[in-house]
Amino acid sequence: MPIIDVRNLHKRYGEKTAVDDVSFSVEEGEIFGILGPNGAGKTTTVECVAGMRPADAGSVSVLGRDPRRDRDEVRELLGVQLQEARLPDRLRTGEALDLYASFYRSPADTGRLLESLGIADKRDTQYRRLSGGQKQRLSIALALVENPRVAVFDELTTGLNPQARRDTWDLVENVRDSGVTVVLVTHFMDEAERLCDRIAVVDSGRIAALDTPAGLVARTDPEQRVTFRAPRDFDEQVLAARPEVASAHRSGHQVRVTGRGNLLHAVTSVLAREHVVAEDLRVERSNLDDAFVALTGRSPEA
Amino acid sequence: MNTDTERRSPVSALLRTAATEARLLTREPVAICVGILLPTVLLLGLGALPVLREPAPEFGGLRFVDTWAPMALILGTGILCVQHLPSTLASYREKGVLRRMSTTPVHPGVLLTAQIGVVSAAATLSALLLVLSSWLVLDVEPPSRPLLFTAAFAVGTASLIALGVLVAAVAPGATAASGLSTALYMLLLLVGGVFLPQNVLPGFLARLGEVTPPGAQLLLASWSGDSGGAVLPPLVQLAIMAGVALAAAALAARLFRWE
Ligand SMILES: Nc1ncnc2c1ncn2[C@@H]1O[C@H](COP(=O)(O)OP(=O)(O)OP(=O)(O)O)[C@@H](O)[C@H]1O
Ligand SMILES: [Mg+2]
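Order-wise, the sequence lines are chains V and R.
Numbering-wise, the numbering used here comes out as the position in the first sequence, counting from 1, plus 498.
Numbering-wise, the numbering used here comes out as the position in the second sequence, counting from 1, plus 69.
Rather than coming from a laboratory, the hints here were simulated on the basis of the structure.
Computed from a prediction, not measured in an experiment: that's the story for all the values here.
Hints are supplied without guarantee of correctness; some may be wrong.
[Claimed, not checked] Over the 10 Å line for every Cβ pair with chain V, so calculated as not near, a few chain R residues:
hint, residue
1, Ala82
2, Leu93
3, Arg96
4, Ile101
5, Gly114
6, Leu307
[Said to hold, decoys possible] When the alpha-carbon atoms are kept at most 16 Å apart in a straight line, the in silico EDC-like pairs for lysine to aspartate or glutamate are as follows:
hint, chain 1, residue 1, chain 2, residue 2
7, V, Lys514, V, Asp554
8, V, Lys633, V, Asp665
9, V, Lys633, V, Asp695
10, V, Lys633, V, Asp619
11, R, Lys164, V, Glu582
12, R, Lys164, V, Asp665
Backbone N, C-alpha and C define an ideal beta-carbon position, used for all residues, glycine too.
Isolated chain V (complex conformation) (with noise of 0.2 Å):
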């Protein structure tokens, strides 16, 4: 049985189409990512996972449970970081986390939570005196203190330097390696190619598409590219006539070759053969952002 599975999700605000027709579901143990732009839809999605939000049709089910009807155990089960939730101002770290544990029937040792999340230095300062990373691991705290079997994260990265991005990554995996099945909601593609499992990359309410990291680059663009500085007498078309080579051009020194298959190894061959010193040879492969722009249209972080 999935952990999560959602049939024809469709949410409206008004006359806004926020959610309009999605489907999937979450395996036990992994990472899921929802990836998409602004105003996609993701947060709707994921508040109405988590039953804050009744969905105007098709169904939401939690560990075998709706979240709106049995909200109570769903509740107990799944924890949620919300994107752009604050604490007050003058609540200290330890405090929050120990109220927060009060809510729930079994909760975790709120030391050891801090401890592994890299902030029991900070057990008695108060919310307004945490950098953002530090908030944001509180976040991650908060969401964890119930032990759930679920842990949604929405935009748990936005905002923070890149060392604190990478540092809550490891935290994720950590989360992951201890039995809690993730959904993580996010706008960068680094972030969902380095996390997840699966991705749904949502555009306009709607999933463009459901794959792996690996199969969604593979599936929009399996073309690749080697660059490399060659002396002016090498003929680049005698590369053209490997059958892994689609088309070989050249600028001055630069000569750039595409193809699919083993290129970079067919290239190196024929430049071998023919006694060429190549400088500066790159291969450049497709990445989530090709695969994001020729999904949905748009550039992912824009």
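Given the structure of chain V, go ahead and fit chain R with the ligands onto it with the hints provided.
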């Protein structure tokens, strides 16, 4: 997961939340100083001026400090109930504190209730401090009709709290809430006779003080025994204040948004 642990009762969640909110209040210097301490400090300070401790004919033979003591009380409870309370609630909504809580098994209404409880307790503390210190230091007689005074204070505070929650309910954000609540506070102070004693207020304003929260006239009458020329009998004033409290509370409950 171990599911045999008993779910904590809603009452225990309320008590935990109230304890946390009380701790937060102690970290708000403005609410503490102005809401709880200022009334007493002001009254004692004014009482240090000999002329204000002399019985004066314009106060019906009472001293200024006797007639102004209930006004000092309104000054403090007003800060707590119509300033601190709505701005706290509005900021909790704006920050998503209420929404965050709605993802737990405990409804955010528990947080609202806890806030109201804490503010009532602070207002009571402010009143006790004022009554005791003005009695011990300035010889202001403790309320001459203690039961009526307690009822007047309880109902008056409830009406202010209901207005405070109503402000939080209608204000779109924390900034609007604080603007709105300041305007309301000034109005209540004016009508309540804080700027000018009831006795020297123009007649219609003094009459208004009989029917507007928190019932300045009734507090005055039940404390110093000076009816201030009130037209309505005490119990009618009490009933009006209770009516205002209920109406404001019902409207607030209707309009309150959690997000
Ligand atoms: N409470 C609301 N009332 C009205 N419209 C809303 C509300 N919340 C979201 N919307 C609209 O629904 C659409 C989807 O919003 P949603 O917040 O789910 O997007 P998102 O993918 O999470 O975007 P972002 O990356 O900016 O967080 C948007 O067009 C948004 O304007
Ligand atoms: Mg969002």
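Here's how the hints hold up against the structure:
{"no.": "1", "hint": "Ala82", "in the structure": "violated, 6 Å"}
{"no.": "2", "hint": "Leu93", "in the structure": "violated, 6 Å"}
{"no.": "3", "hint": "Arg96", "in the structure": "violated, 4 Å"}
{"no.": "4", "hint": "Ile101", "in the structure": "holds, 12 Å"}
{"no.": "5", "hint": "Gly114", "in the structure": "holds, 29 Å"}
{"no.": "6", "hint": "Leu307", "in the structure": "holds, 35 Å"}
{"no.": "7", "hint": "V:Lys514 x V:Asp554", "in the structure": "holds, 12 Å"}
{"no.": "8", "hint": "V:Lys633 x V:Asp665", "in the structure": "holds, 13 Å"}
{"no.": "9", "hint": "V:Lys633 x V:Asp695", "in the structure": "violated, 26 Å"}
{"no.": "10", "hint": "V:Lys633 x V:Asp619", "in the structure": "holds, 13 Å"}
{"no.": "11", "hint": "R:Lys164 x V:Glu582", "in the structure": "holds, 8 Å"}
{"no.": "12", "hint": "R:Lys164 x V:Asp665", "in the structure": "violated, 25 Å"}
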